[in-house]
Every structure is written in C-alpha cells, then in structure tokens.
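Number of protein chains: 2
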Amino acid sequence: MLAEEFGREGCRVLWGDEGLLAAATCPGAHTVLTALTGTAGLMPTLAAIKAGRDIALANKETLVAAGSLVTGLAEKHGVKILPVDSEHSAIWQCLQGSKPGEVEGIILTASGGPFRKQPEDLSLVTVSMALDHPNWNMGKKITVDSATLMNKGLEVIEARWLFGLDYGRIKVVIHPQSIIHSMVEFVDGSVVAQLGLPDMRLPIQYALGYPRRLPGRLPRLDWNSARELTFDPPDTARFPLLETAYRAGRLGGTAPAVMNAANEVAVEFFLAGRIGFMSIHRVVEEVLGRHRVSGRPDLEDILEADREARQLARRLAEKLNNF
Amino acid sequence: MLAEEFGREGCRVLWGDEGLLAAATCPGAHTVLTALTGTAGLMPTLAAIKAGRDIALANKETLVAAGSLVTGLAEKHGVKILPVDSEHSAIWQCLQGSKPGEVEGIILTASGGPFRKQPEDLSLVTVSMALDHPNWNMGKKITVDSATLMNKGLEVIEARWLFGLDYGRIKVVIHPQSIIHSMVEFVDGSVVAQLGLPDMRLPIQYALGYPRRLPGRLPRLDWNSARELTFDPPDTARFPLLETAYRAGRLGGTAPAVMNAANEVAVEFFLAGRIGFMSIHRVVEEVLGRHRVSGRPDLEDILEADREARQLARRLAEKLNNF
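Chains as they are written, first to last, in the numbering used here: chain R, 1 to 323; chain P, 324 to 646.
Source of the hints: derived by calculation from the structure; they are not laboratory data.
It cannot be assumed that every hint is accurate.
Taking lysine to aspartate or glutamate pairs in the EDC-like style, the calculated list, with each CA pair at most 16 angstroms apart, reads [stated by the list, open to error]:
#1 Lys-171/R - Asp-545/P
#2 Lys-319/R - Glu-268/R
#3 Lys-642/P - Glu-591/P
#4 Lys-494/P - Asp-222/R
These numbers come from a predicted model, not from an experiment.
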C-alpha cells in the first residue's frame, strides 16, 4: 500500500506505519505531538526524536514500554519530552521554578473511574458500563484503563521516566472530581498542586507554548459556588492492576512493556465482549508472571517481548473466553 | 527609659520603640523577620529597609497602612519583601517559574473563622468564642480579625502590594480546612495551589531559605486517609468587613491606614469586653466614612491619618460602650 496520496488542494493524505513515520519526521516541525494509543506510538516517537523534534507526549505507553530507551535517545539528541497527559502536565507545572533535589515526591490524582464504589461485584461490569467515564471523554482503550486503574499504573511508570523519581516517591490518590490534576511534595513538606477543569486543551496548549503560558479562553474554574474536593487512598484489593504496574515498574527492563502489551490485548478482548472485566487483571498477571525479565533491553528486545506477551495474552484470553 | 541593658552572658535586652529600631537595623543581619502585630510594625520595617535588609514580612498591617511607601522604599534600596503570611507565601510559591503577564489573578483562601455558620446572630459572640480559632493558634488581635474576615481584607490589600495586582484580580474563597493556603490563576486558565498543614514554620522557613527550599521535618500532609476540602464564596452580608477592606483598598491613599487603625482600636475595645462583635464593623465603617482620603500620602500623612483614626475610633467605641 502506498503511504502517501494527494488529497484535494495539495493536502497530503498519509496512513499506516509509513504514514506515521512520515508525519513524525515531517520537515519544518519543531515539536511532534504524539497522541496515539498503545505501543503503536513507540516507533514514530523514536523517529521524531532522531529527527531532532521535541516531543509533546500524550502517548503514555511509549514511556511505559521503552522509558529508558526513549529518555536516553532524547538526551542524546538534545530534544525535550514535554508531558501532555493531564497529570504529568500538572506535575511539570508544579515543578516550575524548583531546583534539583527539592522534590520529595509526587502525588498523581486518579478519578477512580466509574466503578470506584459500585458495583460491589466487578465481574458484573459490562463494556458499556466501563465506557461511561464520569469526568473525561476519551478513547475506548484509555477509558477501560481508567476503570481498572491500569491507566494510573501506566502513568506511575510514565512519571518515573519523565521526572526521574523512584517508585517509592510516586503516590496515587483517588480524587473523583478530577479538579486537582496532580501534586508535587517538596522537601520542606510544602505541596504544590495544579487545578483546572478536566479539559485536555489546557495541557496540550501548555506543552506547545512552553516555556511561555499562552493566554487561553478555556472555561475557568468557578469559585463563586460551593465546591468539594475529596481524596481517598486507592482500593488496591478492588483494583489490583495499580499494584501490578508498580511491580512491573520496579522489575524494570522488559517487564513494563510486557505488562502493557498484555493489557492492550486483554482490553481488546474485553471491549469485544470476549472476556469479563476482572479477567483483564488475570491475563496481565499471568503474562507478567511468566515473563523472564531482560534487564537492559534494546529496542529489538522490547519489541520481541511485546510480541511474545501479545501472543501469550491472546492465548490466555481465548482460553478464558472458552470457559 | 533606656532602650538597652545588658542581660547575663552579654545578651542584650532591648525594648520599646528604640529597641525595635535597634533590632531592625542590627548589624550583620541579611534579613529582618518583622512579626509585630498592627501598625507598630511600620517604623521598624522602614528602618530595616533603609539599612538594606531584606524583609521577611509577617506583619500585614505595614503594607496595609503604607504599601506604596514601603514597596517604593524597598525598590529604591534594592531589598526584597519576602511574604511570611501563609496565604502570601502560598501565592509566592505558586508564582515560582512564571513570567510577568502570565497571572490572571490570585485566590486567597480563608478559613472563615469560628463563626462561618453559627451563631446565626453574631451580636451574641463573646470574646472567648472569638478567640477559639478552628485551625490556627495565633495572637488575639489576628484571631479576632479572622473571625470578622477583616484579616482576609488586610491580606487582600497586602497581596495588592506584594504582587502588584488590581483588586479586581484578587478573589477570596472560604476554605474551612486551611489546607490549600492560596492559589494563582494563570492566563491559560490553569490554577496552581500551595497546600500544607496549618503550621507557620513552613512559610517562615521558605522565606528564610529563599530562593532554595530547605529540607524540613515538619509533619507532612497525609494522603493515606480520606480527606475533604470544601470551598464557598464568602458571606459578605454576614462579614461586611471584607468588602470594607476592598473599598478602602480601592480608595487608596490614606484610606487603608485609617481603616486598619480604626480596626485595631475596635478590636481592642472588643477584647476588653467594651463593645460587641458587630460593633467592630460599625466603628470601622464610621471612621472610614468620615475620613477625607489623601491621595499620595507621605509617611507623616499616614501617621497623622492613623492617629486621627484612632482618636475617632476610640470616641465612637466609647459611645457604643455607653449604650
């Protein structure tokens, strides 16, 4: 298939992997916004970095699968990785003006998704229930990840690479209103938080305007009426994938790529109605448990681990489906 | 009276106005922390500025009474005014790394004091009720100011001088838990907030360590248990002194000094059990209403306006007391 055709008025229409690579390395761009879902974002992001483009990163799976590789390559090519995920944008904003060594830890907030409190029995969750996110209007895959808290787990790993912090210094707090987008705790005990309406235009604008804040007409937080912000520790018994992500992150090497690949497959099966909601965790745990971690993987190791994990996840999911 | 005597072990004991001036201009100090209550802080602060000391300012009345004078003198002598009030410290922390023109406004949080909701009839408030602040353990004068919201009004004027913002860009929001100490709203709609336990050691340490954040062992905010932060617009019918302060601030010139002097006297009378809680507002309003504002006052104008306001406030308070 041709990766390029001419649309009307000289507009170029590109598609597929080749199209992604062409867009990622398009001449004349300073910054590439990568907003793909899943590991599909990895290769174009690497290509954009090699082409010297700053990366406005909305694709968390890229750093989850290949954080060491991507950040190392970015350093080598002198390009910046600018977070676009709302939580990481919040942390980045809170870090402005701070100095190395002043950060004690970060606190990622999580809406908790639609199943924070109910149904009590999560095996009853249907696809349409999982796609009904209370605060954010997003794609299907990330919406399911929000419902399992895997999304927060991926963000924990993403944060580790973006901000160079140990996992012990990355906390998750459930904040159902999604107004505080995340926080930084400093060595003096002071906490700085970024707040805003749940609207992705703000972090996108911040990344593209950085280091300047561009004026914007987005709706403002309204302080003229009563407002309540609540915070709870995450229920890790109910949402075990969050701890799975911490474990994969701590294992390091190929483990996060494997966990992420297994999760992508399991979510696909769930969205197709072929496995239940709780089986997403079972598939991911099983694939991660069987994987032999390679400690300092290169790109080929990561892609290979990803492929193997997907195959195994598919087999396991089909088995569960046949029950 | 001598302003100086020698205590044991060569420790110098100083007192009175002369003692304050000597402490404020003490040789060898880089920074003077002014933590007096009331207009008493003005002269030593001016002396410290003239002596080239940076000012860590915990005395809001200094900027309320003579904001233009104090900030002008600080600029002339190249000294910094570092906020120590928890709200202003919060805003200062939130502003780190931002550029001129990026601030849309600031949001000062207020606990709302002990009488936010009850008693319904504020004329029933006694001195001991007013001194029982829910979150902060402070001096008597500022605790009463918190109960009338005059404290927040003084802080609005203080913020105007510290951060150079019009009154229209300074909002007040009631936040009874005193965890978010204040916020900055930027031109893109993003809001940055500073959080911490209500403990003055943090803003003091931040001012003294600035521009570095020094590690500290203060207790941390605990995110491992449920937490609820609430926000309400201030009830200006119940606490009219907040709007009085905005009005005095907008009048400018000698008006804030006069309002502040009248408030100091009225609070003294209240603390002495000589006027009721609601009479504080009556005295302040009456004194401010009778004052002819002088637009560009020098120090003598301010001190004169302050003296006259105190005399008038005393006469009015005694009349109320005789009722």
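Enumerate the violated hints, using their earlier numbering and listing them in ascending order. Of the numbered hints given earlier, the structure breaks none, since each of them holds.
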